[in-house]
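Engineer: With chain A held as given, fit chains B and C onto it using these hints.
If you want the building blocks of each chain, they are given just below.
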Amino acid sequence: MVSFSGSTAVAGIGATEFSKQSGRSELRLAAEAVFAALDDAGLGPSDVDGLVTYTQDANDEIAVAREVGIGDLTFFSRVHYGGGAACGTVMHAAMAVATGVAETVVCYRAFNERSGRRYGRPDPGLGGAPSSLGLEMSWHVPHGLMTPAAWVAMFARRYMHVHGATSEDFGRVAVAMRRHAATNPAAWFHDRPITLAEHQASRWIVEPLHLLDCCQESDGAVALVVTSAERARDLRRTPALITAAAQGSGAGQMMMTSYYRDDMTGLPEMGVVGRRLWEQAGFGPEDVQTAVLYDHFTPFVLVQLEELGFCGRGEARHLVADGGIEIDGRLPVNPHGGQLGEAYIHGMNGIAEAVRQVRGTAANQVADVRNVLVTAGTGVPTSGLVLSAG
Amino acid sequence: MTAANPPAGVPDPDFHERLTALAEKRMAAGEVYGEAAADPVNLPMIRHWAAAMGDANPLHTDAEAAAAGVHGEIVAPPAMIQVWTMPGLAGPAGRPESAGSPIDDVLAALDAAGYTGVVATNCEQTYDRYLRLGERPVPATRLTGLSGPKRTALGEGYFVTWNVTWYSEGERVAEMLFRVLKFHPGERKTTPDTRQPYPLGPAVNDDTAFFWEGVARGELRIQRCADCGELRHPPGPVCPSCRSAGRTYVVASGEGEVYSYVVHHNPPIPGWETPFAVAVVQLPEGVRIVGAVVDCAPAEVGIGMPLRVTYRQKDDNLILPLWVPRET
Amino acid sequence: MRTLTEDEVQVGVALPELVIDLTPTTVVSTALATMDFTPVHHDPASARAQGSKDVFLNILTTMGLVERYVTDWAGPEALIRGINVKLGVPAYAGDRLTFTGTVVGRENGEFTVEVRGRVSLGDHASGTVRVALPDR
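Chains as they are written, first to last, in UniProt numbering: chain A, 1 to 390; chain B, 1 to 328; chain C, 1 to 136.
In silico lysine to any residue, SDA-like type, Cα no more than 20 Å apart, as pairs:
#: 1; chain 1: C; residue 1: Lys-53; chain 2: B; residue 2: Ala-120
#: 2; chain 1: C; residue 1: Lys-86; chain 2: C; residue 2: Thr-128
#: 3; chain 1: C; residue 1: Lys-86; chain 2: B; residue 2: Thr-161
#: 4; chain 1: C; residue 1: Lys-86; chain 2: C; residue 2: Thr-112
#: 5; chain 1: C; residue 1: Lys-86; chain 2: B; residue 2: Val-119
#: 6; chain 1: B; residue 1: Lys-314; chain 2: A; residue 2: Gly-125
#: 7; chain 1: B; residue 1: Lys-314; chain 2: A; residue 2: Leu-135
#: 8; chain 1: C; residue 1: Lys-53; chain 2: B; residue 2: Asp-316
Just some of the chain C residues that point at chain B, by a computed CB distance under 10 Å:
#: 9; residue: Val-119
#: 10; residue: Gly-122
#: 11; residue: Gly-127
No lab work stands behind these hints: they were computed from the structure. Fair warning: this is a prediction, and the values are worked out from it, not measured in the lab. For every residue, glycine included, the Cβ atom is placed at its ideal position computed from N, Cα and C.
One chain only, chain A, in its complex shape:
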């Protein structure tokens, strides 16, 4: 048992609109999301004494504090590894609260990922510097293997070969996410579902991935307020208790290119996270009513279902084909539409959705939600959460 389990909570969530061109600076987006989250919790800037974000976020904690009017900070921390940081920010915040280092910590992620720097574009500088990351990238980038879609496609091809999965199996994930987004007014793809035929007809990005296997690119920001469960109960909204929070990295881990481990069909780092979460929670996959699984690319949704214990190895395609991940299925996945359907805010919007599911206020509310599983970026060192109703 970890000390923050059940004793800390997400007390507020806030977000900007999700768009393709925010027309505002990333710092302004961050400030707007933090204001919204504080308003949601019923707290003011002076209540905040901690800030956590991603190492990839362009907005320093002190800059956000200045804009929002936060005074003294006693805790500030950053979590590494791209979208793998998402749930890790909440874990860091919960640890700070549980240890008394801080009382109220805001986690935020803000970017103009569509109108500014687009992560899906090749960045020739990736392999240019002799840092450990630059050297790691230098085994791949010179060969033109340099976009997230390409890195994931390499795993996907091996997964197809070993488990007999097909492009249509990946497509069914995209179709389900867009179906969910279609009825979520906050989603970019609100009211725009797709069919499997459209998925199959969409252009190749990197074989075996079609365009519709790839999440969208978005501008926007999300912020979360983390405080003690005790205090959260006195605030405006129903708290989402942090039942479990974990980070994970596996042996032979690399950033998106862990091709040198014995097997290429799993996500061992997500296995680490899953084992820690179930251990902390004291229950297993059968006790979550909905899951928010990181979906930057469809194939890793299948692999996550396997790594986290929702089905056996290679069996996720059957779970998906049977409608198991839809709102009325065995395990509704990403009721908000995920990053394929709602927006790509580097996983932070998925945590907000989990909070809404616990509160019972989601656009596509799953019935009788007691526990929600959330995961962060796949293919990288990652993190996860179990949030529960008080």
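Structural biologist: Leaving out everything else, chains B and C in the frame of chain A:
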């Protein structure tokens, strides 16, 4: 590699026919003798040659050692055979190597038609015996082959092959096959001087330099722990199995097979034409390595496909180890 | 310097690597020692004018160096029967020529040695040398 018609820009549409006819005539004429070596096989020229080559074999320069050796006297290095009958500084006009050589007018005809570039592609020598001091070899040349026009990396051109046989007092002592490509230099696709810097160069440090140095020499090097012998790719500074920082490498066989692969379509990648295939390659040595698969259609790539490494120059400084299909 | 005997050489054995730094002096002295006065082998301006980056080795030298590479290993009494070379990229002054070799065959008292001479641009020369060794 074959083209039925003469290249564009050649004004004479009958050139190919005329050239072929000329070559056939010269080939039918057979062997044409040239002049004997201007200087007999001699110690000073051997000594200069051996010194320049760094060849320390005493049988070529040391009379005492040579007398005790297998030849019983000083002999010339066999690879010097052509040296004896070179025209020298006086040039072909002053001392033609092979007066009335059957190859001269074929080469001249190619020059006149715009195939002015020349690059030698093959040199094959057979030595019947080593030459002794004082011998004066005589060359005899015959045209033995003409093929083309062919499309090559240098441009369109013809391969011309001839044989030279050297005789000493009527006895054959050596023979050489020589082949050159005569090409249209204007068609050359890239020259080192105009090559753009490759935009996707790797970062290199102390831990990885051995790999890239190997690539520059046409070797695929795999890090090997100097203590426990474990192979590792990608390499790193410390052996994860035994903590040793002692590093060496083995040179991989250069064979492998596709473990997984992708075909990149979008977005465009600098330095690459889409679509292109990149694979995780499983090496028989037990490690994996990532590399683009070239010289085959991306659609032909599949898991399990046998590959062979190849080395491709990306700019003046970078060579990449890439992979091509391997016949099994 | 002793010469290897037939019994001492097995098919599959690798020859020690020979590394030759190609100084301008190497390129020029070997060209002249082989009686090759073509300007591209001794005059940098002339070499550049025809699109080369510097003076480069002539073919007679390549043949000579291949011979030396094999006799350096086999010893003075080894008899070179033939050298077949496929010519590749130019070996420019300032580059480094590295020879590697492997014994790949044995027939009728002759060994076949596969030889590769590599420079930074790739294979400068690759081919085979046939060599006879004393029987004891």
